[in-house]
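S.K.: Here are the chains, one letter per residue:
Number of protein chains: 2
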Amino acid sequence: MKLLYEGKAKKVWEIDAEKVLIEFKDDVTAFDGLKKDQYRGKGLLNKKISDYFFKILEKNAIKTHYIRSVDDRNFEAFRTTVMPLETVVRNYAAGSFCKRYGIEKGKKLSKPLVEFMIKSDELHDPLICEDTILLLDLATKEELEYMKRTALKVNEILSSELEKAKLILVDFKLEFGKNSNGEILLIDEITPDTCRFWDSETFESLDKDVYREDKADLLSTYEEVARRLEL
Amino acid sequence: MKLLYEGKAKKVWEIDAEKVLIEFKDDVTAFDGLKKDQYRGKGLLNKKISDYFFKILEKNAIKTHYIRSVDDRNFEAFRTTVMPLETVVRNYAAGSFCKRYGIEKGKKLSKPLVEFMIKSDELHDPLICEDTILLLDLATKEELEYMKRTALKVNEILSSELEKAKLILVDFKLEFGKNSNGEILLIDEITPDTCRFWDSETFESLDKDVYREDKADLLSTYEEVARRLEL
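First to last, the sequence lines map onto chains Z and B.
If you read the first sequence in numbering that gives the first Met the number 0, its first letter stands for residue 0, the second for the next number, and so on.
If you read the second sequence in numbering that gives the first Met the number 0, its first letter stands for residue 0, the second for the next number, and so on.
Source of the hints: derived by calculation from the structure; they are not laboratory data.
Hints may contain errors.
The list cannot tell twin chains apart, which means a pair is met if one copy fits it or any two copies do.
[Unchecked claim] Lysine to aspartate or glutamate pairs mimicking DMTMM-like chemistry, simulated, CA-CA at most 20 Å apart: (1) 106 x 22; (2) 107 x 130; (3) 107 x 136; (4) 110 x 136.
Since the model is a prediction, treat every value here as computed from it, not as a measurement.
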């Protein structure tokens, strides 16, 4: 198979004109790639967690790129053209939101907030408002509204699912892609790399923040997430 | 008179419960106050240019804080509570917009863009999108729409006025305040400190960028703006 793309945590292999194979690597990076490491087994855990979330979303009528699990490290997915935006949903103030606006970490937002960022390490994924997205032709009004609506639905579905596992969905990043029919699918991964999960009692992080902030072992943290989700 | 507020380029003195005196200083700062200088006569020039623009806006039914000129350095204005947002209108890509999105300076935007920033030197005036403004209670939906609509009207009025003076209105920053009746007024100043003006033929800067980038003498640049506006 031809390698179509290699990102920081995944490889995308060509199956045919309609399908790709998504391979989860053991690499982990933070701060736009300035901090880099490998954790043997991280790829397997994130593949398993992504499988789980994509299946739940599909069951709840969210259109995703997920087709089927192939093995421990790979799943089959629909091939798409990646939209140049990251879609972030926030339920609590954390990470860049706190830093940007000087807001205390852990403050519950009065309702879920959707933000968009341009996908660009070089520009440090800058925040972009809806008028600017339209002006710069990064999405159409309909696409933007679809992404926003879908992101909020995903938030509802995952939040209530995670609640059962005594986890708070603090915030998460989604990516969208367009298939050959022009349909927008939720793509990428849904893992502790792309979501913030906090223990619902202690508020302790069970996600990549343990690596960013050197707070705990990444592997055992991700294992704990998988354990709570009964995977 | 009691000093109510001293900013980087102006002082605000209390006249009474409804009115203030706005005094233009000779100070100029850039990069959140990191670069600082004084140019004797700058205050007078900016006062004169602000007078001129506020009078034009008032004539065009824009509600501003401007009441009347008092002397060379001071005008009388309605007292307001300053809204915590800066409203930026962009016609061409320049300044932070280019840096943020990696866009070439001078690109004409397909239509005017309104952006909001939180007024905060400490946070470096971060960009904030409309949903976040509402979520953080920095303005109501009605206030936000009023500011946006007014900013676009101001853009039309000033752009066509400046065209006669062979100046392009590239972008500008507005501030709004609320008076004791809850009415929103356009406040602050409208000067080469708060606007980007380019010569309509050479595209050379006739604004604070000459100071930011050490390209030309600030005072003779601002004098040239006043000269072109026949002040």
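S.K.: Indicate, hint by hint, whether the structure satisfies it.
M.R.: Verification of the supplied hints:
no. : hint      : in the structure
1   : 106 x 22  : neither (36 Å within a copy, 40 Å between copies)
2   : 107 x 130 : between (27 Å within a copy, 16 Å between copies)
3   : 107 x 136 : between (33 Å within a copy, 14 Å between copies)
4   : 110 x 136 : between (28 Å within a copy, 12 Å between copies)
Going through the hint list in order, the structure does not satisfy hint 1, though it satisfies all others.
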